[in-house]
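Colleague: So the protein lines, in turn, are chains Z and V.
The first sequence lines up with residues 1 to 286 when you count with my numbering.
The second sequence lines up with residues 1 to 296 when you count with my numbering.
These aren't lab readings, by the way, just hints derived from the structure by calculation.
A quick note: this is a predicted structure, and the numbers were derived from the prediction, not measured.
What you were told as hints is all true, and nothing was included just to trick you.
With a cut-off of at most 20 Å between alpha-carbon atoms, the simulated SDA-like pairs for lysine to any residue come out as follows:
(1) Z:Lys98 / V:Leu19
(2) Z:Lys16 / V:Lys110
(3) Z:Lys98 / Z:Arg162
(4) V:Lys110 / Z:Leu266
(5) Z:Lys16 / V:Val85
(6) Z:Lys98 / V:Trp15
(7) V:Lys110 / Z:Leu20
(8) V:Lys189 / Z:Leu10
(9) V:Lys189 / V:Ala200
(10) V:Lys189 / Z:Asp4
(11) Z:Lys9 / V:Glu180
(12) Z:Lys16 / Z:Arg5
(13) Z:Lys9 / V:Leu185
(14) V:Lys189 / Z:Ala18
(15) Z:Lys16 / V:Arg179
Each chain is listed here by its residues.
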Amino acid sequence: MRSDRRLSKLADLTLKVAGLLVTVFGLSTLAVLLFDIASDGLGRLSWQFLTSFPSRRPEAAGIYAALTGTVFVIGLTALVVVPLGVGAAIYLEEYGRKSRWSRLIEINIANLAGVPSIIYGLLGLAVFVRLLGFGRSVLAGSLTLVLLILPVVILSTREALRAVPSSLREGSYALGASRWQTIYYQVLPVALPGTVTGLILALSRAVGETAPLIAIGALTYIPFAPDGIWSPFTVLPIQVFNWVSRPQAEFLRNAAGGIIVLLGVLMLMNGVAAFIRDRAQTKMHL
Amino acid sequence: MSSTRRVNIEVGVEWGLFLCASLSIFVTIGILLVLAFETFQFFQTVSPLEFLFGTTWTPLFFDQQFGVLPLVAGTALVSTVAMLVAVPAGLLTAIYLSEYAPTSVRRVVKPILEVLSGVPTVVYGYFALLFVTPLLQNIVPGLSGFNALSPGLVMGIMILPMMSSLSEDAMHSVPRGLREAAYALGATKAQVAVRVIVPAAFSGISAAAILAISRAIGETMIVTIAAGQQPRLTANPLVPIETMTAYIVQVSLGDTPAGTIEYQTIFAVGMLLFVSTFVLNLVSNWLRERFREEYS
Chain Z
1 MRSDRRLSKL ADLTLKVAGL LVTVFGLSTL AVLLFDIASD GLGRLSWQFL
51 TSFPSRRPEA AGIYAALTGT VFVIGLTALV VVPLGVGAAI YLEEYGRKSR
101 WSRLIEINIA NLAGVPSIIY GLLGLAVFVR LLGFGRSVLA GSLTLVLLIL
151 PVVILSTREA LRAVPSSLRE GSYALGASRW QTIYYQVLPV ALPGTVTGLI
201 LALSRAVGET APLIAIGALT YIPFAPDGIW SPFTVLPIQV FNWVSRPQAE
251 FLRNAAGGII VLLGVLMLMN GVAAFIRDRA QTKMHL
Chain V
1 MSSTRRVNIE VGVEWGLFLC ASLSIFVTIG ILLVLAFETF QFFQTVSPLE
51 FLFGTTWTPL FFDQQFGVLP LVAGTALVST VAMLVAVPAG LLTAIYLSEY
101 APTSVRRVVK PILEVLSGVP TVVYGYFALL FVTPLLQNIV PGLSGFNALS
151 PGLVMGIMIL PMMSSLSEDA MHSVPRGLRE AAYALGATKA QVAVRVIVPA
201 AFSGISAAAI LAISRAIGET MIVTIAAGQQ PRLTANPLVP IETMTAYIVQ
251 VSLGDTPAGT IEYQTIFAVG MLLFVSTFVL NLVSNWLRER FREEYS
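My request is simple: use the sequences and hints to build the entire structure.
Modeller: Here it is, written out as structure tokens:
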């Protein structure tokens with residue numbers, strides 16, 4: 001009886017220690033990953049690295065084309081995804097809540113969120129690049145990313161809308177406002193911080209995407225910055241991939257340098273998102 | 001007059017928003033049509049049986065063979081390694097965080113773990129190829145520079161946060177009463193966790209694991225970078241292989257004109273990929289719904 005008790009205590013301790021170890025393992029992997037990349041690539045970071053085009057000589061190569069490409073593609077993605085995503089979320093949350101069609105759309109959006117990103121690349125290749133004849137342009141890349149992050153934007157915007165108290169809507173209706181007036185003047189301003197936070201997080205996912213853009217045929221060697229929506233382009237992750245695929249150690253260091261810039265961009269975006277969310281939360285509690 | 005205008009605006013806005021919402025349906029239809037159309041074209045040349053059960057995949061060689069099994073085996077191999085990491089580690093992390101860790105630890109650890117799933121996959125590819133593989137080569141004799149083991153392990157770590165946070169959610173929704181009854185009978189925390197909470201949350205945890213498999217099958221960049229690009233029908237994780245996703249990337253990097261058989265293969269492989277992840281997602285959803293019904 002007593003040894004039984006001791007045994008179960010031992011089992012308890014074992015599970016606790018195992019859980020702790022595994023958790024620490026997860027955290028330390030992240031630390032090792034960051035340290036490894038920093039030690040490989042920090043030495044490569046310089047003004048020249050940020051402002052040079054890719055080159056056959058690794059020490060002269062830089063990420064200017066990739067960085068401007070990322071800015072162009074993500075900027076256009078944001079312009080297109082905001083009205084579509086927010087519009088869809090408003091419809092599902094404020095208008096068609098109970099209809100069968102809305103239910104179908106909801107299930108569909110949940111399923112789309114689970115489709116592998118490379119499949120969106122194949123869709124973009126067939127529809128935007130070939131069928132609509134956009135070619136391997138910034139426009140085709142952005143539209144592909146729009147379809148990819150649309151489910152995420154819709155889901156996060158719906159959550160932001162749901163958090164708006166219904167008393168606000170009722171008060172507005174009581175004063176004689178119409179449905180759209182209520183949404184536009186009362187609901188949207190309150191839901192704005194949550195919407196923007198979700199949007200930035202969705203866009204930061206798009207910044208890190210490589211596979212769908214390779215599938216639509218974004219080129220790996222682009223010696224110029226994009227100058228419009230019809231321009232060919234490359235983006236940071238693709239430039240990193242290109243350098244990782246080469247055997248020379250010098251190019252691998254360039255890849256690490258590119259990763260540091262990429263992670264820097266992502267950290268900046270996540271920081272801004274967290275800042276907006278925190279500020280909105282303190283405001284609500286006042 | 002102005003009131004009819006008002007009504008017009010209201011109706012117009014509602015229609016506009018309705019179209020935005022319906023776009024997602026067209027995206028799904030678009031994916032299905034595109035994949036089905038090119039796959040159909042592909043099956044004009046290659047019989048579906050040869051595609052699904054053939055054991056040699058060499059569409060890019062002079063002697064073209066279209067048996068997809070080597071790509072399926074590569075995908076299955078990497079995903080298995082990833083699951084061997086993500087499921088036990090994710091579950092243990094979830095048990096630790098929900099049953100043992102003080103709230104303050106939870107609050108710090110959870111967001112840091114979430115960072116792991118936000119790291120771009122191309123970064124994990126770099127890490128697998130240039131850090132994990134050389135490290136493993138010191139321990140595992142005969143491990144080649146490209147292999148299924150290293151990207152599998154790294155993918156497991158990438159999926160871990162998803163696995164742990166979904167399992168934790170499932171464990172949290174087990175009614176308090178079950179937990180308290182077990183404690184009242186003198187059970188230890190480990191006994192409560194292993195014999196009460198995990199079994200009670202089993203369908204929720206399975207839903208998480210199946211979603212994790214689906215994520216692993218669809219993952220592209222880690223395997224493209226670190227697993228090599230050699231389709232091979234093998235269960236040996238130490239040699240170079242190729243997954244379905246990596247094959248699509250490999251062809252996309254070349255300049256393959258539309259209408260050729262090589263171009264059609266990526267859609268046929270994409271179709272197979274889409275169907276497998278779709279089925280897994282459906283099963284996962286079904287399990288989660290069932291779990292929700294059990295405790296509501």
